[in-house]
Amino acid sequence: MKKYIYLSAMVIAMSLAACAPSEVEDLFDESAAARLDNAVNNYTEYFKKDGGRWLMQYFANADEEGVNFILNFKNDGSVEISTQNVNVGDGTFQSDVSLWQVVADYGPVLSFNTYNKVFHEFSSPQSDGTGHGGDYEFIIIGTEDNQAHLRGKKTGIDIIMTRLGSDVAATDADYFAAYTAKRAKAFNARLTDYVLTTANGKRYICNDVSTMLWSFYPEDGTLLDNGEYMNAIMTLDGLRFMQPLDFVTEYNENDVPLQNFKFQDDGSLLCTDDGASLITGPAPVDALQQTTVTWTFNASGFGGEFATAYTDLVAQCKEAPFKQTFNWMQLRMYQGKFGIYFKNGRYTGNIYLGIERIDGNTVKFIFDPNDDASFDANGKTHYTRLEAMQRMLSLLTSTEFTLSSESVMVPNPMVGTSKANSANSFTIGFQ
Amino acid sequence: MKKYFKYISALALVAMVSMSLSSCSEKGMGETIFPDVSDELDPNSYTYKFDKWLKANYLDVYNLDFQYRLQDNETNMYYNLEPATLTNAIDLAVLAKYMWFDIYEEVTGSKEFVKMYGPRILMLVGSPAINPQSGTIIVGLAEGGIKVTLLHVNSMNPLDIYGLNSDYFHTMHHEFTHILHQTKSIPREFQLLSLGRYDPINWQDRKSTVVHSLGFVTPYASSEIREDFAETCANYITLTDAQWERIWLEAGRGYVTDGNEDSDEMSNLNYYCFYYFENNDATKDENKKYANENQVVEQEDGTYILRNQYQRGVAPITTGEDGKRYDANGALCDAQGFVLNSSGARIPITVFEVEDADGIDGVQMLETKINLARNWFREQWGIELDDLRNAVQSRLQSFDASTLEDLRQQVYGQQ
Numbered sequence: 002m003k004k005y006i007y008l009s010a011m012v013i014a015m016s017l018a019a020c021a022p023s024e025v026e027d028l029f030d031e032s033a034a035a036r037l038d039n040a041v042n043n044y045t046e047y048f049k050k051d052g053g054r055w056l057m058q059y060f061a062n063a064d065e066e067g068v069n070f071i072l073n074f075k076n077d078g079s080v081e082i083s084t085q086n087v088n089v090g091d092g093t094f095q096s097d098v099s100l101w102q103v104v105a106d107y108g109p110v111l112s113f114n115t116y117n118k119v120f121h122e123f124s125s126p127q128s129d130g131t132g133h134g135g136d137y138e139f140i141i142i143g144t145e146d147n148q149a150h151l152r153g154k155k156t157g158i159d160i161i162m163t164r165l166g167s168d169v170a171a172t173d174a175d176y177f178a179a180y181t182a183k184r185a186k187a188f189n190a191r192l193t194d195y196v197l198t199t200a201n202g203k204r205y206i207c208n209d210v211s212t213m214l215w216s217f218y219p220e221d222g223t224l225l226d227n228g229e230y231m232n233a234i235m236t237l238d239g240l241r242f243m244q245p246l247d248f249v250t251e252y253n254e255n256d257v258p259l260q261n262f263k264f265q266d267d268g269s270l271l272c273t274d275d276g277a278s279l280i281t282g283p284a285p286v287d288a289l290q291q292t293t294v295t296w297t298f299n300a301s302g303f304g305g306e307f308a309t310a311y312t313d314l315v316a317q318c319k320e321a322p323f324k325q326t327f328n329w330m331q332l333r334m335y336q337g338k339f340g341i342y343f344k345n346g347r348y349t350g351n352i353y354l355g356i357e358r359i360d361g362n363t364v365k366f367i368f369d370p371n372d373d374a375s376f377d378a379n380g381k382t383h384y385t386r387l388e389a390m391q392r393m394l395s396l397l398t399s400t401e402f403t404l405s406s407e408s409v410m411v412p413n414p415m416v417g418t419s420k421a422n423s424a425n426s427f428t429i430g431f432q
Numbered sequence: 008m009k010k011y012f013k014y015i016s017a018l019a020l021v022a023m024v025s026m027s028l029s030s031c032s033e034k035g036m037g038e039t040i041f042p043d044v045s046d047e048l049d050p051n052s053y054t055y056k057f058d059k060w061l062k063a064n065y066l067d068v069y070n071l072d073f074q075y076r077l078q079d080n081e082t083n084m085y086y087n088l089e090p091a092t093l094t095n096a097i098d099l100a101v102l103a104k105y106m107w108f109d110i111y112e113e114v115t116g117s118k119e120f121v122k123m124y125g126p127r128i129l130m131l132v133g134s135p136a137i138n139p140q141s142g143t144i145i146v147g148l149a150e151g152g153i154k155v156t157l158l159h160v161n162s163m164n165p166l167d168i169y170g171l172n173s174d175y176f177h178t179m180h181h182e183f184t185h186i187l188h189q190t191k192s193i194p195r196e197f198q199l200l201s202l203g204r205y206d207p208i209n210w211q212d213r214k215s216t217v218v219h220s221l222g223f224v225t226p227y228a229s230s231e232i233r234e235d236f237a238e239t240c241a242n243y244i245t246l247t248d249a250q251w252e253r254i255w256l257e258a259g260r261g262y263v264t265d266g267n268e269d270s271d272e273m274s275n276l277n278y279y280c281f282y283y284f285e286n287n288d289a290t291k292d293e294n295k296k297y298a299n300e301n302q303v304v305e306q307e308d309g310t311y312i313l314r315n316q317y318q319r320g321v322a323p324i325t326t327g328e329d330g331k332r333y334d335a336n337g338a339l340c341d342a343q344g345f346v347l348n349s350s351g352a353r354i355p356i357t358v359f360e361v362e363d364a365d366g367i368d369g370v371q372m373l374e375t376k377i378n379l380a381r382n383w384f385r386e387q388w389g390i391e392l393d394d395l396r397n398a399v400q401s402r403l404q405s406f407d408a409s410t411l412e413d414l415r416q417q418v419y420g421q422q
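Protein sequences appear in the order of chains A and B.
Quick note: the first sequence uses my numbering, first residue 2, plus one each step.
Quick note: the second sequence uses my numbering, first residue 8, plus one each step.
In short, the hints are calculated from the structure, not lab data.
The model shown is predicted, which means the values in this text are computed figures rather than measured ones.
Hints are supplied without guarantee of correctness; some may be wrong.
To be verified - Here are the simulated SDA-like pairs of lysine to any residue, each with C-alpha atoms no more than 20 Å apart in a straight line:
1. B:Lys59 - A:Gln102
2. A:Lys118 - B:Asn164
3. A:Lys75 - B:Tyr55
4. B:Lys56 - A:Val98
5. B:Lys56 - A:Asn114
6. B:Lys56 - B:Leu411
Please model the entire structure based on the sequences and the hints provided.
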């Protein structure tokens, strides 16, 4: 008998406990599925609003430069995607229309789920099954009014999307035309040794910047011993590395990881993460001595006594004994020797100079006319027989010169101004 | 009294449990947690006409979700895949219906067969699934009778009906066969026919000619029993008469390799179905050489000769007193030193067929497999395999650009 009473009591107690109204308020007003559905709808509207025009800074993998896509999300579920990239078509501006959706996956996911010849080039398996290895589905990590933080679903690579107003560029093609021009102005494949200077003055030498596959080594180290690598993407506004440059963090104030840089008025790139670290091009004195660049004197860019000397030089070349039309004169570092390289009709010659760096912008050229090592044969003949050439060398080597350029990224063209007489100047540049 | 109390207690228990359950249902079990998904299509959608056509022709009729938008959680994440183009998705949607679903409707007399046994999901993928390690390429998948995935859609040329037949319609019938045999087993006799001759690892390196002689319709058929069955059925339905003539020819031949099957990479082995003796000299073993069919010409009497190669005279070639040239054996030769027959023509190099030494009559084996498949379709499904084949071949032969335009108009021509 007792066991029935106990059993009944136990069941009643358990039933009541199980069915008692919860005293804890629901944490959310809606079910998880309903919340996800709302999120999908909200994000869909978020991407479409204000014209639905976005710039996506896309990385397919860690070994390739980032790719800029402009996405125009339409109300009808289509998206027009454009880019200008060497891997897409013939490398010129390309555009294609396909479909997009925000889908409910593990969470809201932005998916480009029909083929777009511009966009899916980077997620195609190509012929080897791997291709570029990029994503076409992105987990939405977070959003602000005009910026979305996405994460590639397969690669886990962080992708930033920024809303573009019509004031940025009238058309997508205009954007990429402006982008191409700005990139050429900021990064030149023939220049090496860009400089990253951290907040406390630690300097890193940066190379392969024009390919956006940056290498770094501390100025007091070597690439072989201390080299680091990071791919990047440039936009009209600045530059973003795929991941923070952890290797410089220890030298940075407050241990702020460096990843995002913004173009300044002078063309340099200021880190927006710490507000202090700066990327600049090689200093003019360094650029002048780079073996990858030959600096040609601008015939109409001479000032003061230089202009007269150059005019006389051209005139004297037309007379005996040369009777040639003077073509050009260059400064170059070639086979370990720095100097003037010229072409006078059928003659080319070298006149070698020493170069002394006074500071980042000041240089002194050194020349000893009594040393046969200062010329090659044609160089000596031209120097000996052309008074104007002697004058030109004298002007160039008698004082220090301040080298300057309008761009701190690509010092091209560069103006050399005599410190003794600022009227005396020359302009050099490279193609 | 004890007895009544027992009943009362039991009633109390039932009552309490009932109360508990009704209490639970009041609180939260009434509505689905999943949001309502409207089946109304948005007329302003970029894909409204296509979606409307899919709903009318696949979802409503076959309860089939035609997924042309790729979601990678629906795929094997091991592979890098790209979505299908919308244009090709539309073409494949109408063509799949025309060459697959409508075929079964025509043969069975209703849509019910495919509705009952057909897949619930047909998914398109733009690229093939390429295994980066092995290089193998997947162009179609069937999963548990539920889903068929067609890949490589972005490479299709909708006007190349025979290319489509090879790449897609074959895949559709192959995958549908998988679905059918997942419902009713592959005949046991079929399962025993090629036992021990399957190669699930290196099938892709096998030559099609060689597997034909082993009684497999394709190298993939030689990978495992289930693929053998699906390939046999799909190829019987979709291959043209000319393609089958080729298979019968190759299935009846013997093959030999000049490499080492035990030690060489299978992909590096060359197989030959002909041999000859250099200069027609069979006296020395080292003169025996192998040839493939491209090097050989079949003569009217059914014998074979080597293409553009003739018997040379044995040096030295000398000029006889009659002014004619003779080789060291006294055979008449022409100015270039080739031996001439009594008619004054050069003597071709005789070619012989390699003996079929694999112990299998490839033709008979293939015929047996097809017959078993034919019987299985008839007995298990009430369908004549030959009717399927005839319907497919008829549509293949009559297909032209206007057929495709008419099919497209089903989508684009809607209001």
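Hint-by-hint comparison with the structure:
no.: 1; hint: B:Lys59 - A:Gln102; in the structure: holds (18 Å)
no.: 2; hint: A:Lys118 - B:Asn164; in the structure: holds (17 Å)
no.: 3; hint: A:Lys75 - B:Tyr55; in the structure: holds (14 Å)
no.: 4; hint: B:Lys56 - A:Val98; in the structure: holds (17 Å)
no.: 5; hint: B:Lys56 - A:Asn114; in the structure: holds (18 Å)
no.: 6; hint: B:Lys56 - B:Leu411; in the structure: holds (17 Å)
Hint check: no violations occur; every hint is consistent with the structure.
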